[in-house]
Structures are given as structure tokens and as C-alpha cells.
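Visitor: Chains as they are written, first to last, in UniProt numbering: chain R, 1 to 298; chain H, 1 to 409.
Don't take each hint at face value.
Claimed, not checked - Taking beta-carbon pairs under 10 Å as the criterion, some of the chain H residues facing chain R (in silico):
#1 Ala12
#2 Glu49
#3 Ser294
Please keep in mind that the hints were generated in silico from the structure rather than gathered at the bench.
Here a beta-carbon is modelled for each residue, glycine too, at the ideal position from N, C-alpha and C.
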Amino acid sequence: MSEQTPVWSVIALPAVLAALALAAAVLDAVLGGFRASSPLGEVARLLVQQRRRTLLPDTLLLRIGVVSLVVAPVLAGIVIPLGDIAVADLAVGIVWFNAMEVCVWGSLWLTGWSVNSVYPLVGAYRFVAQGLAYELPHMFALITVGLGAGSLRMSDAVRAQQELWFVVWMPLAFLVYLISALAMAFWGPMGAPLGGDIAGGSRAELSGPDRLLFQSGRYVLLVVAAAAAVPLFLGGGAGPLLPSWLWALIKTAAVLGLLVWVRHRVPVVRMDRFTQCSWLVLIPVSLLQLLVVGVVVL
Amino acid sequence: MGLTRWLLRQAAMHPRPLVVTAVYGTRARLLTEAELARRSWVPADAPGEANLLIVCGHASHELDEAVRTVWSDMSGPRARVDVPSEASPHQVTQALEHATEQLGDAQAQWQDAAARVAAPWVPGSSDAGDQAAMHEGGHGTSDEHEHEGGGHLNQEQAGGEAEHGAHGGHGGGHHEHHMGSPGGLPMAERGPDRDGLSLDRLHVPLGPILADWPSGLVVETVLQGDVIQEATVKVMPGIGTGGSFWDEPWIMAAEGHPVSRAEAARRRAAARLDGLGRLLAVAGWASAAGQGRSLRDRLLADAPPAELAPPYTRFARRVRRSRTLRWMLRNVGAIGEGDALSRLERWLAATSAAIAALDDNTPLEEQPPSRHEPEGLLPHLLIGAELATARLIVASLDPDLDRNQVAHV
Chain R
1 MSEQTPVWSV IALPAVLAAL ALAAAVLDAV LGGFRASSPL GEVARLLVQQ RRRTLLPDTL
61 LLRIGVVSLV VAPVLAGIVI PLGDIAVADL AVGIVWFNAM EVCVWGSLWL TGWSVNSVYP
121 LVGAYRFVAQ GLAYELPHMF ALITVGLGAG SLRMSDAVRA QQELWFVVWM PLAFLVYLIS
181 ALAMAFWGPM GAPLGGDIAG GSRAELSGPD RLLFQSGRYV LLVVAAAAAV PLFLGGGAGP
241 LLPSWLWALI KTAAVLGLLV WVRHRVPVVR MDRFTQCSWL VLIPVSLLQL LVVGVVVL
Chain H
1 MGLTRWLLRQ AAMHPRPLVV TAVYGTRARL LTEAELARRS WVPADAPGEA NLLIVCGHAS
61 HELDEAVRTV WSDMSGPRAR VDVPSEASPH QVTQALEHAT EQLGDAQAQW QDAAARVAAP
121 WVPGSSDAGD QAAMHEGGHG TSDEHEHEGG GHLNQEQAGG EAEHGAHGGH GGGHHEHHMG
181 SPGGLPMAER GPDRDGLSLD RLHVPLGPIL ADWPSGLVVE TVLQGDVIQE ATVKVMPGIG
241 TGGSFWDEPW IMAAEGHPVS RAEAARRRAA ARLDGLGRLL AVAGWASAAG QGRSLRDRLL
301 ADAPPAELAP PYTRFARRVR RSRTLRWMLR NVGAIGEGDA LSRLERWLAA TSAAIAALDD
361 NTPLEEQPPS RHEPEGLLPH LLIGAELATA RLIVASLDPD LDRNQVAHV
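Chain R with its partners taken away, still in its complex shape:
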């Protein structure tokens, strides 16, 4: 790992995230039976669309909510190494990642609440319930990685996997991570906060630039959730022949593809039913995994 962060990585990170986000949107459109060009058409449409007005919105909170939905995942992305180089390889990288991604709770709540409309508010309620269901198992899965690596630094986690990828000996933590990655990006089966049954939920009243930012932020979030799985569980840039940055990209694309595909295979899970599963199954499972890893490390 290089001690000095190259300047280009600061520019490369948003570019890579944007490219992967677009790729995810295109894949989602194709899997849904729509044209591959429809995400680009949507961008064009939102660029020329006027803002929608609602009665007595809290515009400041709305802007904070929408903008932070883009900023938070990009900030979460700075600790994720692309091959060997991360923008900032913080000593508490895993915690930083978790903290940034929790900012999304605020983003979604502010967006849903501030437009002063019923369905977005219900979407925001749903995300809070969802957060309570997924966040604990999610944190336990991250802690398991930290325990296995003996460090909270992402690059240390990658180094600890040189012999054996974490996904091999902590498969349950990986599974829990994938489920919580869906929940964190409110995507697919965990997409109730944006459910079609509540007219699109938190984003129902957004149009034009607001909606463009919101949608982009959501895809970037999905990309970051997929990308973090690579250094955490899939050996980072390790792999034969190809350079490590390319391996990291390939693995990220594979996880991302899986997450996008799941949306088309599984209906939405309601939190009134999932919470029980989360607390009675996922938390014990992730604790068990933590225990096993703890014993092995000792």
C-alpha cells in the first residue's frame, strides 16, 4: 500500500463510482425489459424538468436530504481501495464506512419529511423501521471482519485475506452483509421506503434536479455497498494475471450485478414481517459468526 495518496485518485473515485452507477442503472433497465438507453433518457428528462411544488415544503431540509444522499456514499467510498490505492486509508476505515452510510438515514428521512406530503413521509417511516432492522446485523458483520483482520483499516483487512478470503471462513457474515447492503441502499427486496404501493415513497414528490440527485445517490450507494464487499470479504484486488485494480473492479461489478439481479427475482419485503426475522435470525447468526471468528483468532 502506498503511503501517499495520489492526487488522481481523488478524481478517479467519483468517476469510477459514476460509471458503475450508470452501469447498474443500465443493467437494471435491461433486466426489467426496458431499453438500455432509458437511464440516459431519464437523465435528459430530469435535466430539463421543472421542480415540483408542494404546499409549505421545508426547502432547506429537502436540499440537505437530497444532496447528502449523493455526498455520503462518495465519502463512504474514500476508504474503499481500488486495487492497492484508496483515497484515504483511514485507521478506522470500516467504522468510517459505516458512519457515512448511516448518514443515509438522515438523507432519506429529511427528503421524505421535508416535502410535506403523506407518501414520502410514510416512505421515511419505513426506512427508519428498516434501519432498525438491518443496522445491528450489519454492524456485527463489519465487526467480524475487523476482528478477523485485527484492525479496522480496510487495507489491513485486505492483507489479512492473502491466504484465505474472509468469505470462505465467514460466509454467514458475508450473507448478512449482502442483505444489509440491499437494505442500506433501499434496493430491491428492501426497497419498501420507495415502494410503488406508496407512489414511490420518499421520492414521490421529487422531480427535475432533485430527483436526478436522489436517483444518482441511490445508485452510488448501491455501488459503494457492493464495492465495500470486495476489500471486506473478497480479498480486495487479489487475483492472478490481471492487475489488482482490475480485479477489484471485476469483483465489484460481480457483486453489483448480483444486487441488481436480486431486485428482479424477489418481491419487496415488508418491515413488519422482516424485523422479526432480522432480530430473531440475523442478529443471532451474525453473533454466532462473530463468536466463531473470535475463537479462531484467539
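Fit chain H to the known structure of chain R by using the hints.
Guide: Just chain H now, with coordinates in the frame of chain R:
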């Protein structure tokens, strides 16, 4: 300017249509949905997402008011299409073609935008104040006395809001008369909820303009959080004659026209697939919903039975095998005959039987398949349900309001 024009043209090729269906507009809706699928336009969940408003069938006065409110709130560039109940597929194609042109026509869109700037925005600007806006399920105003509030008050407060908007929210003093009632709207009253907390009560009508919602149905609810505390069912009157599109073969047969069992089976299977599509869409499984709807469209386009049975079998297997779907539908909307899951399974079986009967050319003699009138059950089932569950209950009961209406000429 050049860039805007270019973006407008690109955007016009990917419209997001919001489809509103009036009572007796089912046929128009089916033609429209088939055409939208053929063009692979992504349908919108909400007016905020849409730039194309499609009204299927002849809107009654009440629905028309809601439509006008949604239209006046829709952000430009925008286009509106009216598909009459008796429209031909060709007319639907033409109307959508025209809408694309309109969306890409920078001149027309600028004129539209300029006209809207000239006339300041009034929330819920149709005659009935924000009543109609509420139907759309939109703005979270909440007042017990909304009904007595009437149009006049709403017009005044709306003026205040427009002014407020113009000042960019930096207003200050001159809004003091609104103290205690932001925007002139009364504050939400509170009431105890199921957990013994005191929560705001929001008055929210579900329908008539709501994606994947039975046309003509309005459920006036009182919400606390997302839990329904009170529910009143209203049925919007339709304009037109005749019964339900789904009963047509039986009505024709009863009138003495020659109708084969195959025709009836085709209509029956399509009806069930339409219901399945809606239920799956509400359950958040767009992919399976799309599969069911494309089968429905092929049935109605008279595809030969041999081309329908295998894809239907695949579709039914996929839906039956989804454990998540079973988990989500079990114990939802349980009545004497079963829950949403058992209704889903009955629909799958009925569709399968109907598709098997597509070769039966003997004349149709029997009565239409009896269907309960689930609107009466709704208030009882919906009270205490969360919105998500409530939507599933309604979709799984699939009320056909075209059928139950007394025809208004």
C-alpha cells in the same frame, strides 16, 4: 438553447407516463398499457415522477377534478393524452405518438411554462380547493374540518402560499396571521394510537389516482403514522353504459349473440392475469408483474393457445415458487374464504384452467363466474392495517367497479 432543445428531444423519447383510469375505461387502459409495454416506456408511480398524463375512459366530474389538480401540479415539460373508452389500438398509437411530439416541441413547452408562470400556482387549484389534491394522496395537509373548510378558505390560504413562495421563504412578519395554522391549514389533531401514544391523525384518501389501484375506488382513511385508523369506501360513478369489460362475453351471450367458450375463457384468463399483475406490482415485484401483464396483452391480442400455455406455466411456477411472496401474503386480508395468498393461488389455478379451455369452440351458455363485491368488506379489513398491507388487501380482492355499478347513461 440548442442544448435544451436537444435534451428535450432525448427526453421525449423516454417519457414517464402516469395512467389514470375512469370507471368503464378498462378497455382503453388495457390498450394503453399494451402500447406502453411495446414502446418500453417506464410507467410512473406518482405524478411527481411523470411527464405524461394518460386518462383512459371518460372521467366523471369528480375524477376530472382530481385529474385537473394532478395535471396542474405536474412539472413541465409535460403532455396529456385522453384515450376514449372506445378508442382503437391505432388511435392509442397515434395519441402517444402525438404526446412524444408535444414533449419534444420546445416552443410548445416554453409557451406552457410561460402561461403557468403568468398564473401563479395555487395548490389544489381546481374548484373544490385541495379536496382533489388530497385524492391524489399527495400533500400532507391534515385537518378534521377539511370538509367544512370549503373552497373559499382554501383559495385564501393558497394565495398566501403563492406569496410566500415568491418571497423565497424570507417573509417574516406579514405571515403572523398564519400562526398556529401554517399555510392557513388547521393543524393535525391527535388521537391515541394502538401503542397508547398520541399521534397526529392525517386524513388521506387512497385513490382515485394511484398506480395499480382499482379504477373508481376511493378509500378515505385516517392515518396515524402509516396505520389506518378509519376507512370509508367511496365508489366514483362512471360515465357510460354497459357492464365490465371482463364480463363482455357473458353479456353478449345473454343478449343472444354467438359467443364461444374459448372467447369467454380468453377474457377470463386475461382478467385474472390483470389482477395478478396488479397484486404482484403492489407486492413490489415489478418483474413478475410485467411477465403477467405481457401474457395478458398477448391473450387479448388473440395469440394462439399453443403460444400461451408454456409461458404461462413458467410464469405460474415462478410466482408459486417465490417464498418471499408467500411469506408476505400469508395472513393478509384473511376473510372466510382465505387470505391473500390463497386468493393468489386460486387466481393462478383459474387462469390455468381458462388457458386450457382456449380451444373449446362450443357456444357459451353458463352465467359469468360469480364474483363477490369486496368493497363492502374493505373498511373492516383495512382498519388497523399498515398502508403496505392495505394495498395488498385491496389488490388481492381485486374489486371490479365497472361491474358493480348501476349504469349511468
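Visitor: Could you run down the list of hints and mark each one as holding or not?
Guide: Against the structure, the hints:
{"no.": "1", "hint": "Ala12", "result": "holds (8 Å)"}
{"no.": "2", "hint": "Glu49", "result": "holds (6 Å)"}
{"no.": "3", "hint": "Ser294", "result": "holds (8 Å)"}
Figure legend: structure checked against the earlier numbered hints; every hint is met.
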